[in-house]
Structures are given as C-alpha cells and as structure tokens.
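So the sequence lines, in the order shown, correspond to chains G and P. Residue 1 is where the first sequence starts when you use my numbering, and the numbers rise one by one after that. Residue 1001 is where the second sequence starts when you use my numbering, and the numbers rise one by one after that.
Hint data in this document are derived by calculation from the structure and do not stem from the laboratory. The C-beta atom is built at its ideal place from N, Cα and C for all residues, glycine as well. Wrong hints could be hidden among the right ones.
[Unchecked claim] Restraint ranges, calculated between C-beta atoms of paired labels, are given here:
1. P:L1114 / G:T5: 24 to 32 Å
2. G:T58 / P:L1116: 44 to 52 Å
3. G:A9 / P:R1112: 19 to 27 Å
4. G:G16 / P:P1061: 40 to 48 Å
5. P:S1065 / G:E15: 43 to 51 Å
6. G:P113 / P:G1063: 20 to 28 Å
7. P:I1060 / G:I7: 40 to 48 Å
8. G:P14 / P:K1053: 50 to 58 Å
9. G:Q51 / P:Y1010: 15 to 23 Å
10. G:E56 / P:T1015: 46 to 54 Å
11. G:S12 / P:K1053: 24 to 32 Å
12. G:G16 / P:R1073: 39 to 47 Å
13. P:S1095 / G:K1: 36 to 44 Å
[To be verified] Example chain G residues on the side facing chain P (calculated, C-beta under 8 Å, incomplete):
14. G16
15. N18
16. L19
17. R37
18. L44
19. S46
20. Q57
21. R61
22. G104
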Amino acid sequence: KQEVTQIPAALSVPEGENLVLNCSFTDSAIYNLQWFRQDPGKGLTSLLLIQSSQREQTSGRLNASLDKSSGRSTLYIAASQPGDSATYLCAVRHGGATNKLIFGTGTLLAVQP
Amino acid sequence: DVKVTQSSRYLVKRTGEKVFLECVQDMDHENMFWYRQDPGLGLRLIYFSYDVKMKEKGDIPEGYSVSREKKERFSLILESASTNQTSMYLCASSSGAGTGGQGTQYFGPGTRLLVL
Chain G
1 KQEVTQIPAA LSVPEGENLV LNCSFTDSAI YNLQWFRQDP GKGLTSLLLI QSSQREQTSG
61 RLNASLDKSS GRSTLYIAAS QPGDSATYLC AVRHGGATNK LIFGTGTLLA VQP
Chain P
1001 DVKVTQSSRY LVKRTGEKVF LECVQDMDHE NMFWYRQDPG LGLRLIYFSY DVKMKEKGDI
1061 PEGYSVSREK KERFSLILES ASTNQTSMYL CASSSGAGTG GQGTQYFGPG TRLLVL
C-alpha cells in the first residue's frame, strides 16, 4: 500500500532564505507526482506536476525534483517571502487505470518577515 | 481560468439529516473527485467519477454516495449525517479520457461541514 510522508511537519524560516521541503513515497511505481499549496481554510492550488519520466520541473522560484528509484521528491523554494507561508502537500498518482492521488499530510511553512 | 466551485463554504447540519454537497467545474473535465481532509489524516479520497453516470469508490466511501448526471456537476450525498462526518470536503476535477487522466487536479475552495 502506497504511503506518502512529508518531513518536516512544520518549518519556520526568515524571509529571503532558500528552503527545501521533502516528500517520500514507499512504492516507486508512480505515474506522476504533484505539489500543491493550501492556504488556511482554502482549497488546494497546484504548483508543479512531474511525470514519472521527468526528473524536475520549474516554475518561477519553485523547483521540484523527482527520484523514483529512491522514492523521493523535493520542492525547492528560492528567496522565500512571507506570501509563501502556507501548507505544502505532495501527492502521488499510481500507474494503472485509476486516477487516484495519495496525499502526504503536508508541511506547514511560515516565512517570517 | 480554471474554475471549480462548491455550493457552500460552511454548513451546519444535525445528526441523521441528508446532506448534499455540490461541485461544478467549467473546464469540460472528464474526471471529478470528492475528498475529505482531517487534521493528522490528510486528504482521503471518498469517490471519483471518470464520466457521466460513472462512479468508483475511493478509500473511504462508507456513509457516502455520489451522483453525476451532467459532466460539469458532481454531487456528494451523506444519506444520514453523523458526527464523525464533520470535516472539510474538497472537490477536484482533471482532464483525460477513461479512468486515467493525464493532468493536474484542480480543486474547489472546500466546504467545511459541522454535524451536531
């Protein structure tokens, strides 16, 4: 059974720092991996999607990497800003017919001004 | 712009009531999903649908049913609400034919349901 873990559960950094959020999964037979952002009381916003054949994806100050063989993904945020404060979730989609996502429990990020 | 809307942001219901949560997407997506989100448990899939009138159980379907009569609308039904169904409910949609779907899942703003 696929399990997705995110460490740390919470992180506080000063503004301007570069930071890395970690996601690990137990079954490497994934179709893709997606990183989301969730603001308090709100829905999820997709940040980056990495297909299983890809190693990384970039969008602005965000860079996500994927190492399927080791069951790991990282989300790198450059030059963090207070507006980056949110919960970050990763989710893996299995190979096969279904389109189910398995979510991690998230990392709560606070960027201090 | 992609848009997924949910009928209510907050709902308060009594134990035993029948509850309808509505979700509408305007992107002509084939796939639609219902999740619930609870502290410490993350998001868990309740049901999903990959076509009109088609549905599949997710990981925690007990106590819930769904309806998809039109492509853009996916309803979650709590036949007899219970206190352990107090949660945040999130709807999502994605493109792609069949039971697969290649793309990103887009989420609605969520409905926070309190069952008393």
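Is the hinted range of 19 to 27 Å satisfied by the C-beta distance from A9 of chain G to R1112 of chain P? holds, 22 Å
Okay, S1065 of chain P versus E15 of chain G on CB: inside 43 to 51 Å? Between S1065 of chain P and E15 of chain G, where Cβ atoms are some 47 Å apart, the hint holds.
Identify whether the interface hint at N18 of chain G stands, where standing means a beta carbon of chain P within less than 8 Å of its own. At about 25 Å, which exceeds the 8 Å cut-off, the nearest Cβ of chain P leaves the hint on N18 of chain G violated.
Using the Cβ atoms, figure out if E56 of chain G sits within 46 to 54 Å of T1015 of chain P. With a Cβ separation near 49 Å, E56 of chain G and T1015 of chain P satisfy 46 to 54 Å, so the hint holds.
Falls inside 15 to 23 Å, the C-beta gap from Q51 of chain G to Y1010 of chain P? violated, 37 Å
With 8 Å as the cut and Cβ atoms as the points, is L44 of chain G at the interface with chain P? With a closest approach of 4 Å, the L44 of chain G hint holds.
For P14 of chain G and K1053 of chain P, compare the CB-CB distance with the range 50 to 58 Å and indicate the outcome. holds, 53 Å
With 8 Å as the cut and Cβ atoms as the points, is G104 of chain G at the interface with chain P? Since chain P brings a Cβ to about 6 Å from G104 of chain G, closer than 8 Å, the hint holds.
Would you check whether G16 of chain G satisfies its interface hint, that is, whether its CB is within less than 8 Å of any CB in chain P? violated, 29 Å
Under 8 Å is the threshold here; is the Cβ of L19 of chain G close enough to any Cβ of chain P for the hint to stand? violated, 21 Å
For the hint 39 to 47 Å, verify it against the beta carbon of G16 of chain G and that of R1073 of chain P. Between G16 of chain G and R1073 of chain P, where Cβ atoms are some 45 Å apart, the hint holds.
Does the hinted range 20 to 28 Å hold for P113 of chain G and G1063 of chain P at CB? Roughly 44 Å apart at Cβ, these two residues miss the hinted range, so it is violated.
Comparing the model with each earlier hint shows violations of hints 6, 7, 9, 11, 13, 14, 15, 16, 17, 20, 21; every other hint is respected.
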